[in-house]
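Chains as they are written, first to last, in the working numbering: chain A, 1 to 165; chain B, 1 to 519; chain C, 1 to 702; chain D, 1 to 103.
Derived by calculation from the structure, the hints in this document are not laboratory data. Keep in mind that the hints are not guaranteed to be accurate.
Unchecked claim - For lysine to aspartate or glutamate, the following EDC-like pairs were computed, each having C-alpha atoms within a straight-line distance of at most 16 Å:
#	chain 1	residue 1	chain 2	residue 2
1	C	K26	B	D475
2	C	K197	B	D344
3	A	K125	D	E57
4	B	K381	B	E107
Unchecked claim - Just the calculated beta-carbon pair ranges, DEER-fashion:
#	chain 1	residue 1	chain 2	residue 2	range
5	C	P167	B	K161	43 to 49 Å
6	B	L48	C	R72	23 to 29 Å
7	B	G156	C	T637	44 to 50 Å
8	C	D644	B	V478	57 to 63 Å
9	B	L48	C	V24	25 to 31 Å
10	C	H115	B	E57	43 to 49 Å
11	B	G479	C	S42	37 to 43 Å
12	B	T30	C	F656	41 to 47 Å
Keep in mind it's a predicted model, so treat the numbers as computed, not measured. Glycine included, each C-beta is placed from N, C-alpha and C at the ideal position.
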Amino acid sequence: MTVTFLILAGVTIVGMAAAMSLRNLVHCVLSLTLGLVGLAGLFLELDAQFVGFTQILVYVGAVAILAMFAVMMTRGAAQQQESRPTSVRISGVLIAGGVFLVLAWAMCHGLMTLGAPVQPEAEVKQIGVALMRSYVLPLEVIGLLLTAALIGAGVIAMEEKRGAR
Amino acid sequence: MSGFPWISVLTLVPIAGAIVVLAVGAASHTVVRRTALGFSLIALALTLLLWYGFHPEANGYQYQEMHPWISMLNANYHVGIDGLGLLMLLLSAIVTPIGMLASRQVERQVSLYFALMLLLQACLFGTFTALSFIHWFIFWEMGLIPAFFLVRLWGGPKSAKAAMQFLVYTMVGSITMLMSFLAIFLATRSFDFVDIGRMAQSGRLMPEIVARLGWHLLTPEHTAMVIFAGVFLGFAVKVPVIPFHTWLPLTYTEAPTGTTILLTGAMSKMGLYGFLRILLPCFGVQMQHVLTPLLWLAVATIVLSAYTAWAQTDLKRMFAYSSINHLGYCILAIFAVAKFTGTDAGLMSQKFAAMDGVFLQMFNHGLTAATLFWFIAMLEKRSGGVRGLNDFGGLRRVMPVFTGLMGIALFSSLGLPGLNGFIGEFLIFKGSFPLVTWATALSVLGLLITAIFILGILQRVFYGALPEVWAQLPDLTVGERLSLVPVIGLMFVLGLYPQLVLGVVNHTAMQMALTLRNF
Amino acid sequence: MNWIVRNLWLIPMLPMVAAGIIAVTKRKGRMLAASLAIGSMSLSFLLSVWAFAHVVLLRNQGQIDLQVWNFRWFQFGNEWVSLGWILNPLTAVMVVMVTFVGLLIFIYSIGYMAHDENFTRFFGFLALFAAAMLGLIVANSLLLLFMCWEIVGLTSYLLIGFWYSNPRAAAASKKAFLTTRIGDLPFFLGIVWLYSKSGTLLFYNGGTGCLEPMSLEHLVAQRTTIGMCVATGIALLIFCGAVGKSGQFPLHVWLPDAMEGPTPVSALIHAATMVAAGVFLVARVYPLMSAHALVHGAVSTSAALQVVTWVGSITALFGALIAVAQYDIKRILAYSTISQLGYMMMGLGVGGVSVGMFHLITHAFFKSLLFLGAGSVIHGCSGEQDIRRMGGLGKLMPFTFATYAVGMLALCGFPLFFSGFWSKDEILHAAHVWDLSQIPFYMGAFAALLTAFYMARQMYYVFAGSTRLEVGEAHGDGANATAGMEHEHGPVPHESPAVMTVPLMTLAGCTLLLGFLGTPAWPWFQSFLEDTRLRVDFGAFAREGMFPVMISSSLIVFLGLGLGWWFYGREPVDAADAPDHLGRRVPAIFAVLGHAFYMDALYDKTFVRANIAFSRISTWLDRWVWNGAVQIVRYGTLAFAHMDSFIDNHVVNGAFDEGCEGVSRSGQILAKLQTGRVQSYLKVIGVALIVFTALLLWRANA
Amino acid sequence: MNPLTGYVFLSALLFAVGLAGALTRRNAMLVLIGIELMLNAANLNFIAFWRYGPHPEALTGVMFVIFSIGVAAAEAAVGLSIILAVYRHSKTTNLDEMDSLKG
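Please model the complete structure; the sequences and the hints are all you need to start from.
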């Protein structure tokens with residue numbers, strides 16, 4: 001339980017919680033970016049450099065920007081947002097809390113005491129080898145998926161006049 | 001034997017008749033009656049042709065027809081007759097016209113009535129000729145339908161109850177029988193009586209059933225006994241054997257008399273036919289195991305029904321019980337035949353006698369009972385439906401011919417020598433006495449009680465003072481006399497020359513008795 | 001084979017054909033019916049005489065005199081049931097007697113039944129009876145004999161109930177048929193048993209018949225389960241039939257009641273022929289009856305014959321006792337018949353065929369004479385049958401009186417000139433020398449005394465003194481028959497027409513002559529039946545105590561007659577309602593005798609009632625037990641059905657309905673849930689996640 | 001408390017936060033972001049277990065996360081474009097108003 005961990009965890013939680021609770025959408029996206037960066041730090045802390053950098057590249061670099069664009073483009077709607085009834089909020093929070101409790105309980109209960117953690121060697125090279133060997137099929141599939149998503153997103157987001165005859 | 005499908009044609013004649021009768025239904029009642037009677041007489045003529053062409057000395061079945069039918073069930077359309085089947089065909093063919101002649105009172109829906117009668121006759125023909133269980137069972141059950149409607153629609157005040165009782169009771173028996181046969185089928189893959197009988201006699205039937213069905217809760221003997229009990233119940237209800245008879249008095253009483261004639265004359269023989277054709281060849285061993293209780297049943301059937309008949313006051317009810325009594329002798333003889341196996345010449349001779357006696361008694365009872373109910377129908381027609389024993393008296397004064405002829409029928413029923421009833425009973429007693437001495441000796445009591453109540457009928461209905469009410473009862477018309485002459489004549493002929501029937505059925509009786517030796 | 005043997009069947013067949021023709025004759029064809037019946041009977045009589053002559057001829061030539069003619073009747077299995085007829089001395093004697101007596105009675109009936117509306121029917125029945133009776137006699141098969149036996153019973157039934165409008169006649173006919181049938185059933189079993197043991201029912205068939213030594217040895221050798229010899233068992237069963245038919249002791253009750261029939265019927269059927277058929281039966285199967293002794297060569301009588309003897313002697317005494325206290329002229333004769341039949345049985349038992357048969361023949365003549373005489377009296381008195389209302393008829397009806405006296409003396413056994421003396425004496429003698437017991441002898445002797453006494457009583461009542469007939473009043477059961485007579489004859493007692501008196505005189509003549517055929521000095525009859533050498537031997541009187549027996553029986557007869565005179569002749573009966581002279585002295589005994597030892601009442605109280613009770617029980621069983629069981633099953637099924645339907649309606653259907661409603665309600669609820677809002681779905685998923693995870697963990701913990 | 005427990009708790013907390021957001025916010029965009037959060041929580045879990053699990057050399061957790069990120073990227077792209085399309089259609093991103101799935 002290192003200090004680094006605590007700091008990173010704190011950043012992440014705060015960022016995320018802010019992203020979920022702030023009223024201004026732009027602020028939300030910004031705090032989300034903060035949370036994602038924290039999370040990437042955690043990955044690095046866990047010796048998963050590749051994943052950490054990917055996280056920054058994909059999420060911070062792509063998703064957050066994408067979200068920002070979307071926020072901007074739907075700005076007109078953002079003003080209409082008003083607070084929801086308290087009951088909905090409370091129920092949502094309660095359920096989320098319940099899920100957390102259950103998960104926490106499961107973890108307390110289920111985690112075995114592990115032996116001394118060995119330093120794993122997750123070099124990029126190894127990952128690349130694994131990707132090209134054992135995980136080549138999923139890699140292809142995910143490529144396909146990404147391509148499809150790209151095209152699909154483009155089609156969906158296109159001007160309606162052309163989409164709907 | 002020629003390839004002409006005599007038996008199928010014979011069975012189809014009444015069916016065709018039923019259709020024609022329905023078709024001419026709009027015509028006058030007389031036309032309908034004559035048409036129906038005509039068809040039944042055609043059937044009678046055909047039966048006589050069969051009788052004429054029958055070879056009494058040949059083994060096995062004659063006029064056989066066999067076509068594959070339901071291959072999945074290994075069931076064939078297999079018909080054929082031996083002496084017994086032929087005798088029963090003749091009986092049905094004789095009884096049906098009698099029933100029609102005795103149906104003069106029917107005024108409602110005449111064409112339907114006669115169509116149902118013809119249909120019933122067809123079912124009887126089918127039952128007595130079928131050699132495959134499925135085919136036989138279909139006719140057996142189908143016969144219930146016209147009988148049910150005949151009782152229900154044209155019967156007396158309590159006909160609803162009677163018809164229902166009749167239907168349900170016989171149906172229960174049929175179902176137990178069906179289940180037993182399904183068990184046999186599952187074990188043997190055969191529905192053919194001949195095959196099953198052959199298997200039973202070679203001792204393979206029951207082991208196969210036990211092996212294939214394997215009811216582990218029961219020992220093999222018990223399994224066999226349960227199957228036997230199912231079949232037995234089916235036939236015992238039909239005959240009926242006391243205590244499975246309670247449907248009969250009500251049904252016979254409530255049914256229109258013409259129908260009662262068919263019921264007692266021919267339908268009750270279906271049960272006995274089953275006893276002879278199925279129970280005896282297939283379940284001889286089981287019958288031997290429970291012979292003593294069976295004999296008690298037979299004796300109870302004979303004695304109790306006679307006593308009960310004595311206590312009745314309704315003539316139809318009386319004759320209903322009397323019917324039970326008469327068929328009880330057949331049951332007794334059948335059980336007696338089942339008692340011993342083996343080929344001892346002395347015993348075989350007794351068995352032949354008993355078997356011949358059963359055949360004769362079946363025929364004679366059919367003839368006599370039908371005639372007696374016919375007389376009741378004629379009496380009812382004159383008296384407006386009154387038929388109580390105590391409602392009459394001294395009728396001999398106004399209806400001497402009626403009295404004389406009915407007296408002959410009554411004495412035939414009593415078993416007077418010279419009339420048809422005697423030889424059958426003599427042969428039955430002759431055969432049964434050495435085989436089952438005490439049961440037979442007890443059964444003689446039935447003869448005495450029968451005499452008592454038959455003389456009671458004569459005394460109370462025909463003797464004594466004539467009540468004013470009946471002073472104008474007309475005697476038999478010329479037409480009635482003429483139609484009675486053949487029947488009464490047949491009683492005398494059979495009484496004096498039983499060889500007429502025995503010559504034809506004797507070989508079959510021997511074969512049946514002989515099949516038992518192999519158990 | 002002689003023509004007469006082959007065509008012996010003609011003797012019964014002729015009356016049978018006559019009966020058949022009469023049956024389809026109209027009521028008006030009276031002359032046709034009578035002439036057919038009488039004509040056929042005459043022809044039968046001639047044939048019988050021919051047959052008789054044939055047998056006598058054979059006997060005299062010393063040839064075998066037993067001839068049979070058998071034929072196949074029907075087939076069962078590999079066997080044939082054969083029937084046949086037989087001509088031997090027994091047959092010959094019986095056919096002649098039956099046809100002769102029958103012919104006379106037929107003729108007599110023309111007069112007696114002249115006014116009856118069913119005259120035609122009467123002759124039809126009579127002819128049928130004669131046919132069956134003759135068939136019974138010529139039968140060479142126990143089966144044929146039994147068949148004829150039953151038909152004889154039927155005609156007896158028909159003729160007793162001839163006046164069917166009279167309820168008493170109807171009841172009497174039924175009683176007669178049923179009582180004899182009670183005896184017939186053991187007889188039937190005996191036949192069946194005999195058949196199964198010997199394999200044939202032919203009496204004689206060239207060595208294989210059931211009465212021939214081979215079969216008898218076989219029967220005697222076997223034992224029944226109770227140790228009795230099979231032959232004895234069968235013989236006793238057959239004897240039961242004879243007991244019923246011949247009115248022997250326990251089954252005699254029908255015979256007095258049978259007197260409800262017309263008097264010629266009583267004479268023919270219930271005195272001369274049918275009732276004697278039982279005796280004839282025993283005589284016919286005598287080899288079987290005596291089989292035990294026959295085969296073993298033992299001196300002692302067979303068990304069956306002992307039974308015959310005892311039953312006979314009891315019946316003889318019993319009938320005679322009852323006859324003393326009767327008032328109905330025909331009933332006295334009926335009880336007398338019972339008594340005499342008992343004598344015959346006793347004779348068969350102690351002395352053999354010839355002894356019993358001789359009495360049968362003589363009795364047939366004198367008893368039918370007495371009955372016809374009684375009929376004449378009844379006819380003359382317009383149907384009156386009560387002897388207390390008669391009297392003084394001797395002068396009014398001289399022919400009747402004279403012939404009746406002959407019959408009466410013959411019945412009493414008046415010495416020397418009357419056939420009854422010889423035949424009865426022979427029985428008494430045989431009983432006297434019987435080696436087992438003397439009691440039958442004393443019973444017979446006492447019965448003889450009583451016979452003389454009651455006949456004297458009857459004579460004094462009917463023919464002596466002054467007439468006590470109440471004018472214009474027709475009592476009794478002949479009323480029906482004679483209803484029409486009064487118009488012609490008026491109420492005054494009168495002699496009967498010649499058609500009735502001539503048969504009477506013929507019979508009287510026979511009665512007088514017949515006895516000399518069987519005297520000990522010249523026992524033609526006995527030798528004829530038993531095939532012994534015949535010679536005239538007056539020394540026979542002196543042998544084996546014959547003479548003392550003759551003397552003592554004569555004394556007994558005189559004593560009986562004297563007693564009758566003492567009670568009834570000394571001071572003639574003067575009033576119809578005066579008490580009986582004997583009855584005055586010993587009222588208690590007289591009442592018991594008058595009611596025939598209360599046998600009828602006893603039977604009513606026991607057998608009849610037991611049977612009726614049993615029929616009630618069986619009806620009850622039928623209604624409550626058998627039907628009850630069915631009803632229980634039925635109600636059980638019904639209850640099950642109701643339960644099932646209840647379950648269907650309320651549980652299954654209810655559940656279904658509930659389910660449907662629930663589905664629809666929950667649908668409504670779910671529809672509410674189905675907000676279309678993604679977040680609410682997600683909430684549900686969250687809740688589910690919580691619940692399931694909690695559940696899993698909790699399970700894992702537990 | 002070993003390091004794994006901390007990470008796991010953190011991931012659970014992140015998950016709960018994401019869920020709460022997804023449940024309570026009305027803006028479709030934020031719901032989408034909540035879902036991304038939950039995915040990230042799962043990713044954290046994978047990595048933590050890979051790092052402290054018995055067979056780190058197998059690289060399974062890492063691989064999983066890599067693909068997950070890929071899928072998440074695709075999802076985010078499609079999701080956001082849908083939101084845009086919906087917005088263009090109904091001028092709202094309010095989920096409460098998008099209830100055409102209502103039964």
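Self-check item: Ascending list of hint numbers which this structure does not respect
Solution: 5, 7, 10 and 12
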